[in-house]
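Protein chains in written order, with our numbering: chain A, 1 to 557; chain B, 1 to 313.
Each hint should be verified, as a subset may be incorrect.
Footprint (simulated), chain A over chain B, 3 or more residues, beta carbon under 8 Å [what the hints assert, rightly or not]:
#, stretch
1, 22 to 36
2, 196 to 209
Simulated restraints, written as ranges between beta carbons of each label pair [to be verified]:
#, chain 1, residue 1, chain 2, residue 2, range
3, B, Lys41, A, Trp493, 34 to 42 Å
4, A, Pro220, B, Met28, 36 to 44 Å
5, A, Ala68, B, Gly225, 48 to 56 Å
Since the hints were derived computationally from the structure, they do not count as laboratory data.
C-beta: ideal position from N, C-alpha, C; glycine also.
Residue strings, one per chain:
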Amino acid sequence: MSGTEATALGREAGQVSFLTEGGTTVRSWLLTTDHKRIALLYAAGITFFFFLGGAAATLIRAELVTPAGDLLTADQYNRVFTLHGVIMVWFFLVPSIPTTLGNFLLPLMIGAREVAFPRLNLFSWYLYVAGGLITLASLLMGGVDTGWTFYTPFSTLYSNSYVLLAAAGVFVVGFSSIATGINFIATIHLLRAQGMTWMRLPLFAWSMYTVSLVMVLATPVLAISLLLVFCERAFGLPIFDPRSGGDPLLFQHLFWFYSHPAVYIMILPAFGVVSEIIACEARRRVFGYTFMVYAMVAIAIIGFMVWGHHMFVSGQSPFANLVFSFLSFVIAVPSAIKVFNWTGTLYRGQIRFSAPMLYALGFVGLFTLGGLTGLFLASIPLDVHVTDTYFVVAHFHYIMVGGSVSAFFGGLHFWWPKITGRMYSEVFAKFAAVSMFFGFNFTFFPQFILGYLGMPRRYHEYPPEFQVWHVMSSTGAVVLAFAYIWPLFYLGWSLVKGKRADDNPFDATGLEWQTTSPPPKDNFAVLPIVTEEPYRYHPEGFAPHDVEDTHSAQTPQ
Amino acid sequence: MMPVEASTFAPRVDGIFWMLSGASIATMLLVGTLVLFFSIKYRRGTAAPRGPVPEKMSREVEIGWTAVTFFGFMFFFWFAAVAETTQFEIPTKAMEIHVVAKQWMWKLEHPNGVREINTLHVPVGVPVRLVMTSQDVIHSFFVPAFRMKQDVLPGRYVEAWFEASKTGTFHLFCTEYCGTDHSRMAGGIVVQSQQDYGRWIAAQPQGDSLADQGAVLFERMGCTGCHGGSTRVRAPNLHGIFGQPQPVEGGGFVTADESYLRDSIVLPQKDVVAGYQPIMPSYQNVATEDDLIRLIAYLKSGKVVQPRQEVGR
Numbered sequence: 001m002s003g004t005e006a007t008a009l010g011r012e013a014g015q016v017s018f019l020t021e022g023g024t025t026v027r028s029w030l031l032t033t034d035h036k037r038i039a040l041l042y043a044a045g046i047t048f049f050f051f052l053g054g055a056a057a058t059l060i061r062a063e064l065v066t067p068a069g070d071l072l073t074a075d076q077y078n079r080v081f082t083l084h085g086v087i088m089v090w091f092f093l094v095p096s097i098p099t100t101l102g103n104f105l106l107p108l109m110i111g112a113r114e115v116a117f118p119r120l121n122l123f124s125w126y127l128y129v130a131g132g133l134i135t136l137a138s139l140l141m142g143g144v145d146t147g148w149t150f151y152t153p154f155s156t157l158y159s160n161s162y163v164l165l166a167a168a169g170v171f172v173v174g175f176s177s178i179a180t181g182i183n184f185i186a187t188i189h190l191l192r193a194q195g196m197t198w199m200r201l202p203l204f205a206w207s208m209y210t211v212s213l214v215m216v217l218a219t220p221v222l223a224i225s226l227l228l229v230f231c232e233r234a235f236g237l238p239i240f241d242p243r244s245g246g247d248p249l250l251f252q253h254l255f256w257f258y259s260h261p262a263v264y265i266m267i268l269p270a271f272g273v274v275s276e277i278i279a280c281e282a283r284r285r286v287f288g289y290t291f292m293v294y295a296m297v298a299i300a301i302i303g304f305m306v307w308g309h310h311m312f313v314s315g316q317s318p319f320a321n322l323v324f325s326f327l328s329f330v331i332a333v334p335s336a337i338k339v340f341n342w343t344g345t346l347y348r349g350q351i352r353f354s355a356p357m358l359y360a361l362g363f364v365g366l367f368t369l370g371g372l373t374g375l376f377l378a379s380i381p382l383d384v385h386v387t388d389t390y391f392v393v394a395h396f397h398y399i400m401v402g403g404s405v406s407a408f409f410g411g412l413h414f415w416w417p418k419i420t421g422r423m424y425s426e427v428f429a430k431f432a433a434v435s436m437f438f439g440f441n442f443t444f445f446p447q448f449i450l451g452y453l454g455m456p457r458r459y460h461e462y463p464p465e466f467q468v469w470h471v472m473s474s475t476g477a478v479v480l481a482f483a484y485i486w487p488l489f490y491l492g493w494s495l496v497k498g499k500r501a502d503d504n505p506f507d508a509t510g511l512e513w514q515t516t517s518p519p520p521k522d523n524f525a526v527l528p529i530v531t532e533e534p535y536r537y538h539p540e541g542f543a544p545h546d547v548e549d550t551h552s553a554q555t556p557q
Numbered sequence: 001m002m003p004v005e006a007s008t009f010a011p012r013v014d015g016i017f018w019m020l021s022g023a024s025i026a027t028m029l030l031v032g033t034l035v036l037f038f039s040i041k042y043r044r045g046t047a048a049p050r051g052p053v054p055e056k057m058s059r060e061v062e063i064g065w066t067a068v069t070f071f072g073f074m075f076f077f078w079f080a081a082v083a084e085t086t087q088f089e090i091p092t093k094a095m096e097i098h099v100v101a102k103q104w105m106w107k108l109e110h111p112n113g114v115r116e117i118n119t120l121h122v123p124v125g126v127p128v129r130l131v132m133t134s135q136d137v138i139h140s141f142f143v144p145a146f147r148m149k150q151d152v153l154p155g156r157y158v159e160a161w162f163e164a165s166k167t168g169t170f171h172l173f174c175t176e177y178c179g180t181d182h183s184r185m186a187g188g189i190v191v192q193s194q195q196d197y198g199r200w201i202a203a204q205p206q207g208d209s210l211a212d213q214g215a216v217l218f219e220r221m222g223c224t225g226c227h228g229g230s231t232r233v234r235a236p237n238l239h240g241i242f243g244q245p246q247p248v249e250g251g252g253f254v255t256a257d258e259s260y261l262r263d264s265i266v267l268p269q270k271d272v273v274a275g276y277q278p279i280m281p282s283y284q285n286v287a288t289e290d291d292l293i294r295l296i297a298y299l300k301s302g303k304v305v306q307p308r309q310e311v312g313r
């Protein structure tokens, strides 16, 4: 079956890939247990939700061009920013890198034929889809207006919107995260190829391991807090209602106990992706590999101890504030080390500025700025002034959008030839990477200034003195929107007309490059045996030799 | 680019802001310059020499920059923490304003009974202590010019303070999302010179002070039945109770501040004064937030009648 089709696509007869092996019917895709096909199923879902959340962001930025609330009513605006937050956090950012690149690459990188629990993997996708459909239903029925944070007692007693349905959707999708996390932990523990010791794992695999730990340990707390919201709203069980002796702050503690680690769920995978790209494109072993590993583990652990820095003005005790402030400064140290190490990896390299490298370098810049502004928020007196203003909005967009999304696009380009077997247009891709970097800064840097001036977040209307910064931000958003939509065209085009990719077009190390592009269903004809540390871009103790550009991936197609 | 500094605390916040901004710009310049320099010098195809990096050296570099970052961050923490202790230390001799937040307005009450909505008049150079609560959801009292913000929760009192250092009208925002008209739950803080403020407050329609209104409520709600002078039911003497440590059932002491008095009215079983039976009914749905403010103002004033010595006590 696949033989004739593969010939039609210009491949040598007999070479099969996961795309055709096992059938090409819809049924064969929807019932697949192949981690690579599941990755593509996730990719479809994530792309849909990314553009849905993006549409909501477009409405927000359009509304804020003028101080008066003239485009949307207050209730519509509140529903739109809630939709943007809920969709982007739980249906795009949290699953983005782990379920697509992670699902596809993790078994390949550690030399395995599958994840540990292939059927659980498929089940997690169905949970994701079910959660997504429930949330979409709440949207179609009229939406939710609580903000993605579902703060009580507003969400349980005062909101006149579809809170129960939206909370149920998020509850369900949480279990998809947990399933993915369990699967990855088991896979890394059990299925590493012969010789693939822990300290030979690529940093991307380490990032998947640490992110899985956080997913498995933090997400149940989200489920608990949503369940409690559900009980109070649906059955009147007094938990957060102060009139019945409940404590509204309890919800914030539970929620941030999940949601702060969730920030690391969004950024840890990005660390992995960027480390792979920079090492390959600089032809250099990752500077301080062991420190990079320890930094990720430290972030995953300390990430559980800093949730109170979201609550400095909530009425939490001043002493608790001090402790959380201290720990928040501590967790900034491993993040800083990572930035220094990426910079160090460039030293004495053979640097090539491909599109993935531009995304990765953009990530380093945006993540550094996002991380530094995190220090502002860890300082209590400053946080008191800027929390719940646009300063915070700008800060977390720098980390989660500037950081994670740049890394996601970088990784998507870097592994695109491996996943699809096709090359994209390098010129178009570089243009998208540069547009994303500038569009992003243009959109979100003005928001730091807005926030320090005192512009509160989640405001439908605002005093006219803030308008100039809002107009700047909305203008930047046009550039950013272009940078997000543009890859749809050239990446889509590459699927049809793109040049066939070699097995290893970027001359990267890593086991995923030792199989065919796209890989066969069982990943490897013969399972590899690992004898060396990762990133063998040059012999130990030697400098990278001159690299000949044998592959024309740099030149436009 | 910078918001106006109109409180005594604002310059300190801005000081920390500039210190961190300076450190951030320096870090961005350092990382940016290194990335740019390496990108140019070691771009593929240049003739720059590329010797190996000795393992030992890279290890020392790692430990070096970890230590530097750590000590730098600890310095920032210490610097900010010192300011924090000032921020959360509420001056005892301060003008007191009661704030009741509700969807979507601010109700502000002066001790002499003058009430304002969404506007607050205060004199310059006088510390102002805010005792705040919410009637429904969580709101947040934010005055950017004062660099001051505090969430206002239902079911309890939270406190905050400021001392205005500049006359003028400044934005008051709600910064905790509270529903439909969240963005309209805004107002102004009018800071006046002390003479102007005196004239303004004298020109307001004079009602009874909060304490006097509280005294009336104290009678009307039946509090005097137990806490008054001529009764046999054993209930604590409320004269001069405010600010005093109270021994509670089960051991320990609780200071009778506004929060404790409030809890004792709406959740009387929470901390029963030692030696008394938990027989007081809850006033949860009887006394409104406005009533509570008045009752507590009365209890704080020196106007509470000292009960007659009970026979056999």
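* Asked: Can you list which hints this structure breaks, lowest number first?
  -> The structure conflicts with hint 2 only, although it agrees with all the remaining ones.
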